[in-house]
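Student: Chains as they are written, first to last, in our numbering: chain X, 55 to 292; chain C, 224 to 497; chain G, 346 to 588.
Treat the hints as calculated values from the structure; they're not laboratory data. Honestly, I wouldn't trust all of these hints.
[As the list claims (entries may be wrong)] To give a feel for the contact side, a few chain X residues facing chain C, derived at Cβ under 10 Å:
hint	residue
1	Gln129
2	Asn133
3	Met134
4	Asp137
5	Tyr140
6	Ile232
7	Lys246
8	His249
[To be verified] List time: in silico PhoX-like cross-link candidates among lysine-lysine, alpha-carbon distance up to 25 Å:
hint	chain 1	residue 1	chain 2	residue 2
9	C	Lys476	C	Lys463
10	X	Lys246	C	Lys401
11	X	Lys246	C	Lys429
Nothing here was measured: the structure is a model prediction, and the numbers come from that model. For every residue, glycine included, the Cβ atom is placed at its ideal position computed from N, Cα and C.
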Amino acid sequence: MIDLQGYGPRLLEGALVTVELAVLSLILAVILGLLTASAKLSRNRLIHAIGTLYTTLVRGVPDLVLMMLLFYGGQIGINMLTDQLYYAFDIDIFININAFVAGVITIGLIFGAYMGETFRGAFQAVEEGQMEAARAYGMSPLLAFRRVRFPLMMRHALPGIGNNWMVLLKTTALVSIIGLTDMVRVAAEATKATHEPFMFMIPVALIYLLIATLSEWGFAKLTKRYNTGFGESSEWNN
Amino acid sequence: MNKWITSALLVGAVFSGSISSQAMAQDESKDAIRLGIDVPYEPFVVRNADGDLEGFEIDLGNELCARANLECSWVEQSWDGIIPGLLARKYDAILSSMAITPERERQVMFSLPYYNTPSVWITARDRDIDIDDKESLKGLSVGVQRGTIRDVYVTQEYGDVLDINRYGSSQDVVNDLKSGRLDLTFEDFPIANDAIDFRKEDSPYKQLGDSIKTPTAIFGKGAAMAFRQRDKELAAKFDKAICEVYADGTYDKLMDQYFDYDLSVRPSEQDCAE
Amino acid sequence: MEQLNGWFTELLSGNAIFTANTLSFYWSGLVTTVQLVFLSLLIGVILAVPLAIGRGSKRRWIKLPIYAYTYVFRGTPLLIQLYLVYYGVVFFDGIQDSIFWVVFKQAFFPALIAFTLNTAAYTTEIFHGAIKNTAKGEIEAARAYGMSRKLMMRRIILPSAFRRALPAYGNEVIFMLHASAVASVVTIMDLTGAAYYVYARFYAPFDAFIFVALVYLCLTFSIMFTFRQLEKRLLAHLRPRGV
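So here's chain X without its partners, still in its complex pose (with noise of 0.2 Å):
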């Protein structure tokens, strides 16, 4: 009944890919995202114009895109830096920019001003009476980050960043479009060869419903866990 007619394994490779690709960019986006939220909070001017510009131009264009931009683009200007380089130093150098690298750099710059907007009222939610107290005890800065700052903030972060990383998740299938061999490529090589759209679609499909339930239930956890000691008033931020 169903029968992958041998795609099976290469589904399944690929259903990793995805796996890794939405992880990688994820971190990215994340470490992004506390640069940008630290931009946009800055009292510089032209880094505050740096960070707006930044989220502008990602909340403006698609994500299809930006990608295709990035890789197609990203192919073309690196190869005339390396021509660069050998016309005038002699030196030959080669750059391999792949679909993956391009997909993790591509959707972690894209959810980086997503997640910038979401730390940015993190940071700001966070009282400022807490980072007072740490200072007062003596925490050197990065020590106050860690055990004061990040934890009271990630509270406030995490329904956003939970926000993101559905929609990272799905957007993680645009990258076969550029070429990486994800589960949604593999699906489509194997309906255009055995012309069978349903046997190969809604099986992907229910492995990114999977995901997405996983991924809920893994984020209700980590809710329960940021949320210990507010007791009730963490009901209402439903």
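Chain X is fixed; fit chains C and G onto it per the hints.
Tutor: Frame of chain X; chains C and G shown alone:
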């Protein structure tokens, strides 16, 4: 602290592909050459059940490499990114049914051509379409592979009457023709012959009008290998190999294996004299 | 006018890539994108209103199927939904012979169907959330007036729910605009398709994609501006006083 992590991760991510500084001096042992190819393109290259590549161009490429004393590997690349990929050094040469056109000659350097085929209009057998009467074609849909010489021809000549659908691979074009989405397709003769099979007695498809090879500015002078403009030595090696393959009959043998028609482009005496 | 036309063509002919020909590609791409997005949003909203009301119903046989629908369509990528409709539509027996085939075989319609189903799911959830958040006081007052549930829904809950949903719906419109770029994957010549054509033809990714990015930016800003104006007028009662 965040800035360090970011920089480290970004640098690592960008260069995780590969960085290799190549020594400028050539060494004596066999050089490793990567050939870029668009898959599938029946019968020049197809992916078999085990996932391996096989076809006329695969065999021809391997023969040429053997004669040029090179160690060749194949890199798959979708057609619309095949020239940028060459320029970005994802591979060192293109052996993928690429026609020599003036426009492409501005970007890459070509070897001697190794085959030449016309393009044909295909439609369903029971359709009554006159391809020479442009007015009657209004509103019909045609499928072409994006970025090919056929794409250019159809856009230029029929762009104002036909509804042009551009696909990323030849397989997609054939699929949509077979599923009834397209009224017409303008394909390379080998694809029409092997993938659509229009010459068969009871084929549901037929050719419209003549096979088209002109204007040469669009259709080019035959399919050849493409190299980066500065790789003159590499191109010369393959030119020599092509001449040899024609001269000693290997080409004819391969051709008979895959085709029941003659698509060769025999190099002249002076082409091979260099 | 003639003069302006002539000057414009001269300006364009100096540039190898942005000729009048190429720009006409972008223009028809823009038209296609706007058509696709506008139509799918419109039909999506029309579908979403009854679905959102049903989503909040107490009866499980209404509530659960709708929840399943929104869960599936919001939990899977739009690209998969598009592939399913595009490749799957040929499989319905008899569709190739029916009169509908002339319409359905064009890639525009499978894309429209997939986009509509997708946006309807998100919009249903947005409206459902807005309906759920109706102030209890409003409902109590409506009941005190003796309004039937249907009347209450029509005159009290829905109007205030639409207003509440405005910010979230504005976001959805922008998401839909950005998501529509995947239509280019199934040969539709929308904005992204036009950009991709220019890239494949001239090997000029920067020109092709940066130009189209600018167009999308303009579109996004216009939508944001429109919604901000709408919010100013319709949500005026939520603004701080004196502003």
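Student: For every hint, state whether the structure bears it out.
Tutor: Do the hints match the structure? See the list:
no.: 1; hint: Gln129; in the structure: 4 Å, holds
no.: 2; hint: Asn133; in the structure: 4 Å, holds
no.: 3; hint: Met134; in the structure: 9 Å, holds
no.: 4; hint: Asp137; in the structure: 8 Å, holds
no.: 5; hint: Tyr140; in the structure: 8 Å, holds
no.: 6; hint: Ile232; in the structure: 9 Å, holds
no.: 7; hint: Lys246; in the structure: 6 Å, holds
no.: 8; hint: His249; in the structure: 8 Å, holds
no.: 9; hint: Lys476/C with Lys463/C; in the structure: 19 Å, holds
no.: 10; hint: Lys246/X with Lys401/C; in the structure: 11 Å, holds
no.: 11; hint: Lys246/X with Lys429/C; in the structure: 23 Å, holds
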